[in-house]
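Please build the complex by placing chain B on the supplied structure of chain A, with the hints as guidance.
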Amino acid sequence: MGTAPGHRALDARRLAALVKKESLQVVRDPSAILIAFVLPAILLFLFAFAVSLDIDDVRIGVVRESDSAAAQSLAAAFSGTRYFHVTPARDRREAEPELVAGRLRGIVVIPADLDARLAAQSADRGPIVQIITDGSQPNTANFVSGYAEGVVANWLQSRAPAPGERISVEPRFWFNPEIESRRALIPGAIAIVMTMIGTLLTALVVAREWERGTMEAVMSTPAGILEILLAKLLPYFVLGLVATLGCALVAVLLLDVPLRGSWPALLLLSAAFLVPALGQGLLISALTRNQFVASQIALLSGFLPAFLLSGFLFEIDSMPLLIRGLTHIVAARYFVASLQTVFLAGDVWSLFLPDILAMLAIGLVFFVITARGSRKSLDT
Amino acid sequence: MKGRLSAQILKELLAYLRDPKSRLTLIGPPLLQLFIFSFAVTLDVSNVDIAVLNEDGGQWSQEMIQRMQAAGFVGELHYADRPAALAGMIDRREVLLAIRFPADFSRLAATGQHAVAQVIIDGRRANSGQVALGYLARIAADLGIELGDGRAPPRVAVRHWFNPNLIYRWFVVPSLAGMLAMLIALLVTALSIARERELGTFDQLLVSPATSLEIVIGKSVPALIIGTILGCLMILAGVFIFRIPFTGSAILLVGCLMLFILSVVGIGLMVSSVCQTQQQAILGTFTIAVPVILISGFATPVENMPQWLQTIAAASPLKYFLVIVQGTFLKALPPAVVFANAWPMALIALVTLSSSMLIVRRNLQ
Numbered sequence: 001m002g003t004a005p006g007h008r009a010l011d012a013r014r015l016a017a018l019v020k021k022e023s024l025q026v027v028r029d030p031s032a033i034l035i036a037f038v039l040p041a042i043l044l045f046l047f048a049f050a051v052s053l054d055i056d057d058v059r060i061g062v063v064r065e066s067d068s069a070a071a072q073s074l075a076a077a078f079s080g081t082r083y084f085h086v087t088p089a090r091d092r093r094e095a096e097p098e099l100v101a102g103r104l105r106g107i108v109v110i111p112a113d114l115d116a117r118l119a120a121q122s123a124d125r126g127p128i129v130q131i132i133t134d135g136s137q138p139n140t141a142n143f144v145s146g147y148a149e150g151v152v153a154n155w156l157q158s159r160a161p162a163p164g165e166r167i168s169v170e171p172r173f174w175f176n177p178e179i180e181s182r183r184a185l186i187p188g189a190i191a192i193v194m195t196m197i198g199t200l201l202t203a204l205v206v207a208r209e210w211e212r213g214t215m216e217a218v219m220s221t222p223a224g225i226l227e228i229l230l231a232k233l234l235p236y237f238v239l240g241l242v243a244t245l246g247c248a249l250v251a252v253l254l255l256d257v258p259l260r261g262s263w264p265a266l267l268l269l270s271a272a273f274l275v276p277a278l279g280q281g282l283l284i285s286a287l288t289r290n291q292f293v294a295s296q297i298a299l300l301s302g303f304l305p306a307f308l309l310s311g312f313l314f315e316i317d318s319m320p321l322l323i324r325g326l327t328h329i330v331a332a333r334y335f336v337a338s339l340q341t342v343f344l345a346g347d348v349w350s351l352f353l354p355d356i357l358a359m360l361a362i363g364l365v366f367f368v369i370t371a372r373g374s375r376k377s378l379d380t
Numbered sequence: 001m002k003g004r005l006s007a008q009i010l011k012e013l014l015a016y017l018r019d020p021k022s023r024l025t026l027i028g029p030p031l032l033q034l035f036i037f038s039f040a041v042t043l044d045v046s047n048v049d050i051a052v053l054n055e056d057g058g059q060w061s062q063e064m065i066q067r068m069q070a071a072g073f074v075g076e077l078h079y080a081d082r083p084a085a086l087a088g089m090i091d092r093r094e095v096l097l098a099i100r101f102p103a104d105f106s107r108l109a110a111t112g113q114h115a116v117a118q119v120i121i122d123g124r125r126a127n128s129g130q131v132a133l134g135y136l137a138r139i140a141a142d143l144g145i146e147l148g149d150g151r152a153p154p155r156v157a158v159r160h161w162f163n164p165n166l167i168y169r170w171f172v173v174p175s176l177a178g179m180l181a182m183l184i185a186l187l188v189t190a191l192s193i194a195r196e197r198e199l200g201t202f203d204q205l206l207v208s209p210a211t212s213l214e215i216v217i218g219k220s221v222p223a224l225i226i227g228t229i230l231g232c233l234m235i236l237a238g239v240f241i242f243r244i245p246f247t248g249s250a251i252l253l254v255g256c257l258m259l260f261i262l263s264v265v266g267i268g269l270m271v272s273s274v275c276q277t278q279q280q281a282i283l284g285t286f287t288i289a290v291p292v293i294l295i296s297g298f299a300t301p302v303e304n305m306p307q308w309l310q311t312i313a314a315a316s317p318l319k320y321f322l323v324i325v326q327g328t329f330l331k332a333l334p335p336a337v338v339f340a341n342a343w344p345m346a347l348i349a350l351v352t353l354s355s356s357m358l359i360v361r362r363n364l365q
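Those protein sequence lines, which keep their order, are chains A and B.
For the first sequence, the residue numbers in our numbering are 1 to 380.
For the second sequence, the residue numbers in our numbering are 1 to 365.
So here's chain A without its partners, still in its complex pose:
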């Protein structure tokens, strides 16, 4: 840096003036408000009502080929459960095109010889009904076959009580006894919002300065690179924290998500996550210096990994080894794990501290690379 003798790298007054300028720029641009308040509101709302991993009311067809009392009672057992929405049919050829079209997710065929199969069941243990699922949606298919099997088992049990189970497991869901996936998803929504503000917004704003050449103009002033970057990032840091706080308040007050940990822990975690998020945004802008390319890179390296690789929707343990390794450099991974904990479980510092350290380390790497790149660009 071209620092003159006696010229301090960090001057409080200069920094304050720069921060004020940058903050005004943020506040005056409606798109920043859009991304910091409107999008979080839409996201929280959708996660509260739309994105639920709890499946119920799946549309299935029940093809009853037999008129016997047993067949009618089994068909009634399927209609009676809240997991299925049943379309009755008498011929499987009626139901099969519906499965292809995606209007049904499964078909239960109660065969014409149901009574004979029931009578023979104790001897040959053959199947008494057939279940066909729409395998093109594997998760729903799994659900349909699992629950349909359960309905048949319960129905058999109610007809002829068999000797009870000999060995079983008794489940208890800690932190989320009602098993509402929403409660685990909303912390993930906060991570996405923070990624948008930290990475995307920052990448865009700074890339625009490079694109227009105003970055060089700011750099030619007495302000040092450290001051310029700090002043650029501070408003977004504050904006990110405010947005998190807003999201958390909505989640706790309106969406029935508990906050079992403490607010200071929540803020500390969010502040720690903003370091790599802002660092990534800054790095992207410094490397691309073009708003279109910056937005593409931010989308592909920031938003999509936060959505798909952070573990809030898709289990990291189940991913192949190579991708599991890759998730370790996705800061959102640590943030999501800690956020879910602070909301649902409480302050588990033995989990928070390693996560915070990991986030800060990733952020540090981004800043170091950016600082090197920026210094070089001033020299040339």
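Hints should not be assumed to be uniformly reliable.
Said to hold, decoys possible - Heads up, incomplete: computed chain B residues facing chain A, CB under 8 Å, no partners named:
1. F39
2. A126
3. G148
4. Q307
5. Q326
Please keep in mind that the hints were generated in silico from the structure rather than gathered at the bench.
Quantities reported herein were computed from a predicted structural model and do not represent experimental measurements.
Every residue gets a Cβ at the ideal spot worked out from N, C-alpha and C, and that includes glycine.
For chain B alone, coordinates are given in the frame of chain A:
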């Protein structure tokens, strides 16, 4: 008019392809993402770590632990010596679930009574926890049946059509192809008018002899070409690299892909025509793209959503394209079903493209 139009289309295409950085970001990252995410995105459960507290030490808890070890979904078993250690492992997310065998487990099982093992599941990961619990319950039930009267009667015959082994990737790759092509096409168009506004060249375009129809076509065609090529590349990757069965009509699929991209381009142009700067256009695009993806049925089925939201989801072109692309790959989707899902996309394209034309025309006057 013809020469003017093709000149404008060529100019727009060059604007994206001339710069090596943007040329690279158009094709490279989406394909890379397709590969990474198609392996990452799975709701299957495997490699799960389980904590074990065995207060029993008898034959049957040992037998069950051995079966858990051999089960495909289990990664590693962590043994605990007291309940507090079990709780700690759950708290720190080291294990997805913990199983505790009480002291009388083997005795009850051996004497024909009901032996119960307690399972604690991390509710922060409720979805995977439920799946893993199902596997565990199956192991316990099977063991109980062997202890009793022998083999369990298979009560139902299950067949998964279209994807007999329920390979998750067969679902994810076609869906991601649609999603990624949409994101690129959306950004390319959203920036097109906004960038000219920011640079001040949009006024030049407005005073040129070009009509509003020509301007909208000139902005749409390049994005349509880029989005369609990208979508086709990813579909080809699905067929030849991921080896996903392709059972439907390729011609219909490409036609629907173009219709889909066109409807997305219409949305992008609408955003672009109301934005003053590129930054607004990009952020506006995200504000639209995120909900469109979430309600499209990619992460969770549309039919799980409340009715009023399903009505809103009907305006998302991605929803229809996902039905078509998934069905064309796996289900040999009949043309009638393809058309039933294609006309809403055409309607969306018509509405969005003509409204962006109206906005541009208002600018002209």
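Cross-check of the supplied hints:
1. F39: For F39 of chain B, the interface hint holds, since the closest Cβ of chain A sits about 5 Å away, which is under 8 Å.
2. A126: holds, 5 Å
3. G148: Hint holds; G148 of chain B Cβ to chain A Cβ min 5 Å, cut 8 Å.
4. Q307: violated, 11 Å
5. Q326: holds, 5 Å
Checked against the numbered hints listed earlier, the structure breaks hint 4 alone; every other hint is satisfied.
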